[in-house]
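Number of protein chains: 2
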Amino acid sequence: MASEKQSKAIPLSHHLSEVAKARKPSPLKGLSKYFKQEGVLSLAGGLPSPAYFPLSGLSVDALVSDSFALAPTERSSSFSWLWKLLGSSSFKKERTTAISIPKYSATPDDINLAAALQYGAAVAQPQLQNFLRDFVMQVYQPAFEDFTVLIDTGNTDGWCRAFGTLCNPGQGVLMEEWTYPSALASMMPAGVDPVSVPMDGEGMKSDALEKLLSEWDEEARQMSRPHVMYIVPVGQNPCGTTMGATRKKQIYEICVKYDIIIVEDDPYYFMQLGTYEMKSQRSSVASPVSHRSGDEARFIASLEPSFLKYDYQGRVIRLDTFSKTIAPGARLGFFTCNPVFAERFERQGETSTQSPCGFGQSIVTKILTTWKYEGYIRWLQGLRTEYQQRRDFFVDCLADEFHLQATPAVAGIWEGCTMYRAFSKPSVLNTNEKLLSQSRALFSFIPPNSGMFVWLKLNLEDHPSFTPDDEGTLETKLWARLAENGVIFAPGWFFTTDDLASSEPSAGHFRISYSNAEYGDLKKAVNIFGRVIREFFDEQV
Amino acid sequence: MASEKQSKAIPLSHHLSEVAKARKPSPLKGLSKYFKQEGVLSLAGGLPSPAYFPLSGLSVDALVSDSFALAPTERSSSFSWLWKLLGSSSFKKERTTAISIPKYSATPDDINLAAALQYGAAVAQPQLQNFLRDFVMQVYQPAFEDFTVLIDTGNTDGWCRAFGTLCNPGQGVLMEEWTYPSALASMMPAGVDPVSVPMDGEGMKSDALEKLLSEWDEEARQMSRPHVMYIVPVGQNPCGTTMGATRKKQIYEICVKYDIIIVEDDPYYFMQLGTYEMKSQRSSVASPVSHRSGDEARFIASLEPSFLKYDYQGRVIRLDTFSKTIAPGARLGFFTCNPVFAERFERQGETSTQSPCGFGQSIVTKILTTWKYEGYIRWLQGLRTEYQQRRDFFVDCLADEFHLQATPAVAGIWEGCTMYRAFSKPSVLNTNEKLLSQSRALFSFIPPNSGMFVWLKLNLEDHPSFTPDDEGTLETKLWARLAENGVIFAPGWFFTTDDLASSEPSAGHFRISYSNAEYGDLKKAVNIFGRVIREFFDEQV
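As given, the protein sequences belong to chains S and C, one line each in that order.
The working numbering puts the first residue of the first sequence at 1, with every later residue one more than the last.
The working numbering puts the first residue of the second sequence at 542, with every later residue one more than the last.
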């Protein structure tokens, strides 16, 4: 079944939910010829006059697109957190470009507040629409040509519209065994339940998926075979795994075989960080990298492809967001998908959020169109490097605090990856060296190769108070102990789709984010974590 | 059943839909004590560093709060549209105040982009929350003290969350016989149907409501008695009616009796425009009005109260929006309601839109807090006067174009109001005077005393091609004829809740908005309408 480039999306409207089918087409669609007449006087809509919008203009000091370096530029040292704290980009003088958005503009092609702040269709402003379409073509290269790009207020809104359009109550959605809690919290009240698929070091396992679907027993499951998949293939939340091209092709073909719609939630796509190397193995002084022509294309080519690239049928609904690349508060994201689905998402937008905020849309659009495509890619490259440094720094902190032992993982969610087991380190302050002498690992993890999170597996079965099925209680106890000491991680139970089917039943988990805290705070948090977990493993609780 | 001031909301959780009941409480609620610790290091959330938000500051030229006059200031004349066109405020030099929002601020009390553009709870920024709570207290004076104010992305989002939280599929919602089409388009695909309540010149009729509920026949209707009402009490959309205090109290008590939740959708609340007087009866030169201390309180006292004022039980969910008072593109509104409902709306927000856009929120908040409460009320007074002038000008245009005859309406949706019947006027250009000689009214209307719309009832039964049940076709034919001539009104069929039960079955309708077009265009549109409707009534079609 060869993937044919530039095919047309196939009709997939049998996937629509009852609610989606009941939505009427826009009543204005048939009348659009009248609205488009030159000089038409429309007294139809309840539009306030823009004269009454209480502002005459807006301006923004936008960062330049090459604000962040392309490669780590400072010496790697155990004091780099201090250097970074002092030199942190938030305190450096930022280079900016003044951008202004007037209330009225000479031509409608220029972004203006009179238009941006008026009621409008639940689609992007034309300038943003053009930018996004070009961006999708160049970066994701969808395999079907009639794809639609439609904005939303971010991927939470996107997923909410997607399952509402695809799922009836009582249906299930295929998900990675650990997943984004908000995706669950959106759909479960609507009677749509997760169907857990086992993972390995690349995320969802294709063989496990095939097995699950081929052996699906409607009666035993009390559920028809799922026709929708929700997947976070890059910077998997919470596990931090990245799915490569081969696995994506395998999963796509299984979804063709079983007629499944893939919802690809991909906020961390541009945070593909590469493999972590121990500090001692990284070159101590990175050579400064200057920008060269063709760099954007090389960067894009270096990224694992989106499912869209293999989507010759139009069964992928890709969710993109500006939350991680511009700012979460922009509340701006976009679908790329089959026009059949996009039309239903647009109707749903009209009767819920309407268009995303005109302030946010026009500011983001103006920044993007000022940078242009090449500038935005340069910005994304800079961000990638920043998060890579944060990831490296955080794992270095763990390596400073614990004795790490690298082992190839042969089973479980990290199968195929180099796993690090963390042992207590002998220390002049820690006179109790029982733990190390017994070679008892406190936890294990793999340094993520994308995204924002380290996913820790606590070796609770080695805890003195451990009894089977007690791991949840121990996880919560350690979580609370940490919180009382001023450090908050995300507890593992947030992220589970299926307690019973988990391939890691006897381990507690924490998700730790290295994306936001100052470097000094990351260091401090790891020190506190070290002290608390050592004490915890050394006592009956 | 006396309305007691400052009572507590009563428990009304039996009104929650199955979906709303299935929503879990926020998992973070129980953990909030940890997050609030001084100096806590949270590595739990997937937050990007604000250093990566690509802007260092934002500034806005905000209009001053007294930008618009308190009373009409120019001579009323048939050429006022020309005067207004040339002198329109959108072309006048606007008086502005420079407002800036930095990325980082010295104290968290100052609005800053680092906080506004970060992920946050689905509630307002603290500065906005304080402003709104004070505003609700002073303006709407809710009768129960434990009300909650919660932001949303506008009243479409608000209604979408409200019916989702209150209604199961198969249930009905009490609505005015003519209503806002988007409210229908949101709920009907979810299997929630309108139950039409007759109207008069004040909107929904209380006696008709009582009759409908007391005689409710579950079997004949194939529906349980509705427990939710959707109502637009001010500037009723599309009819332009305003509901007074007495009627509101009557309806509230009926809702207490039958245990009904009232969703008060009130975007036009501050556009209470007073009764239209014919141009000849208005004082020809309005005296300029200067602002005096206490004016805000007098203005607020002059407005018909919200249902909240009588809501001693907490069964009113009020929907407010900044779409008509700031700008639609702000996508910002707020609920005022019982905390039981507000908590569910917040959960629904977390899993759909999240928080409204941080750009929009911080700009609107900064404008409001710069103006302060008194300034915002002054702004609203100015807007009210602007819309009053627009309403007066538009009705004047109709009086210029047609011969208007005032008649008290004794039945139907305008019962109790002065209705105007519009006849063709003899004209030197119109040699066919058959119409006038036959005294055939072309249409009738009441000048609205609030909102943005004139609702026309076409006298289609007097059309030469009229056959019973044909009014829909004739309405569409005239609509298309007008559109072909470059004028677009909203067709009546958009707004119906119940074709069969309508008290005005034989009349076509148009909704005309005077809120946005330039005065010259309003004049021109009425001229074209005059020509087209006269020709239309004079021919077989």
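Rather than coming from a laboratory, the hints here were simulated on the basis of the structure.
Being a predicted model, the structure only gives us computed values, none of them experimental.
Every residue gets a Cβ at the ideal spot worked out from N, C-alpha and C, and that includes glycine.
Hints are supplied without guarantee of correctness; some may be wrong.
If we take Cβ atoms under 7 Å as the criterion, some of the chain C residues that face chain S in the derived model are [what the hints assert, rightly or not]: (1) L604; (2) D607; (3) A639; (4) P643; (5) T694; (6) D698; (7) F964; (8) F1030; (9) G1061.
Structure-based check of all given hints:
1. Hint on L604 (chain C) holds. Least Cβ distance to chain S is approximately 4 Å, under the 7 Å limit.
2. The restraint placing D607 (chain C) at the interface with chain S is violated, with a minimum CB-CB distance near 11 Å, outside the 7 Å limit.
3. Because the closest C-beta pair between A639 (chain C) and chain S is about 10 Å apart, greater than 7 Å, the hint is violated.
4. Here the hint on P643 (chain C) is broken, as its CB sits about 10 Å from the closest CB of chain S, past 7 Å.
5. At a threshold of 7 Å, the smallest CB-CB gap from T694 (chain C) to chain S is about 5 Å, leaving the interface hint in force.
6. Hint on D698 (chain C) holds. Least Cβ distance to chain S is approximately 6 Å, under the 7 Å limit.
7. Hint status for F964 (chain C): violated, given a least beta-carbon distance of 22 Å to chain S, over 7 Å.
8. Below 7 Å, beta-carbon pairs count as interface contacts, and F1030 (chain C) has one with chain S at about 6 Å; its hint therefore holds.
9. The restraint placing G1061 (chain C) at the interface with chain S is violated, with a minimum CB-CB distance near 10 Å, outside the 7 Å limit.
In summary, the numbered hints that this structure violates are 2, 3, 4, 7 and 9.
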